[in-house]
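S.K.: Letter by letter, the chains look like this.
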Amino acid sequence: MNKIILWFNQTGSPARFDVFATRWAKPSFILAFLLLAIGIYGALLSVPADYKQGESFRILYIHVPAAWMSLSIFVIMALQSAIALVWRIKVCELIAMASAPVGAMFTAVTLISGAVWGKPTWGTWWTWDPRLTSELVLLFLYLGVMGLYSAIDDRRAAARAAGFLAIIGMVNVPIVHFAVTWWNTLHQGETIRLIGPSKMDSSMLWPLLTLVVATKLWYIGSVLVRARVLNLQQETQKQWAIERYGDTP
Amino acid sequence: MSHWYYVALAYGAFTLLLCWDFAMPRLALKKTARALALRLRRKKPL
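So the sequence lines, in the order shown, correspond to chains A and B. For the first sequence, position 53 matches number 57 in this note's numbering, and the numbering has no gaps at all. For the second sequence, position 12 matches number 21 in this note's numbering, and the numbering has no gaps at all.
It should be emphasised that the hints constitute simulated quantities derived from the structure, not laboratory data. Check before you lean on any hint, since a few could be wrong.
To be verified - Capping the alpha-carbon separation at 20 Å, the derived lysine-lysine pairs in PhoX-like fashion look like this:
(1) K220/A to K30/A
(2) K40/B to K52/B
(3) K203/A to K56/A
(4) K242/A to K40/B
(5) K30/A to K39/B
(6) K53/B to K242/A
(7) K123/A to K56/A
(8) K242/A to K52/B
(9) K242/A to K94/A
(10) K39/B to K242/A
Next comes chain A alone, as it looks inside the complex (with noise of 0.2 Å):
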């Protein structure tokens, strides 16, 4: 058998799956701490103040980062589920269920820099604006996903009824995404982009890729932990869970 396609198959298995997140996990969650520690001291004393917002321009560095994470999440979300609902693999169950909450905080995070951002720049904390709405939007699908799993006994109808209301709630994310052209909005368009030139000055743009760089690590070692305890919260009768968990004091 191909090699990675045997990787997937043995990380699959429960039991083995636990020893992965155990051991990816940590590594995970120190790089994404050293690069929030560089990227927030960049964000907060590196750089110099934008000529016409100020100061307020560096809540932009963690709202951005958690605005991209918001919708990557998602799309992570609705893959997993897809994949679990078609193939029934435990393991998307688990990692689509445990990206809900982690999803669902960097969308608050999202809001809440933006609602802050938007005091001193718009003069308002909210505005139904279409960019902003779809964002609040994003937030209830996520936590409609969180109380669906929570609300059904039988673990994986559980996740395969959150599961497709994630398949679902995949509509809001091009609305997210594409709201600023499609619209007249008071949201600004983009200003950093992937392929191409940005519109942010390089001098002032690492601080915000390395904290791009950090929540995605975070998202992984979060969503590690999670599924972790969802898998061993369904397992907690099998042999290698008592073996391993057995003597915890």
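We have chain A; now place chain B onto it with these hints.
M.R.: Leaving out everything else, chain B in the frame of chain A:
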């Protein structure tokens, strides 16, 4: 009011939410592992 107030507010909320995301699953993991160990200890004959 200085804009630093808003910056501190945003970074404070960000830190709080990250701390919540870091701590909650660890507490849940400990709780689940402890419950499993306790169940085993109760099952063991004296």
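S.K.: All the hints need checking, so say for each whether the structure fits it.
M.R.: Hints and how they fare:
no.	hint	in the structure
1	K220/A to K30/A	14 Å, holds
2	K40/B to K52/B	18 Å, holds
3	K203/A to K56/A	14 Å, holds
4	K242/A to K40/B	17 Å, holds
5	K30/A to K39/B	16 Å, holds
6	K53/B to K242/A	17 Å, holds
7	K123/A to K56/A	15 Å, holds
8	K242/A to K52/B	15 Å, holds
9	K242/A to K94/A	15 Å, holds
10	K39/B to K242/A	17 Å, holds
Violated hints: none; the structure is consistent with every hint.
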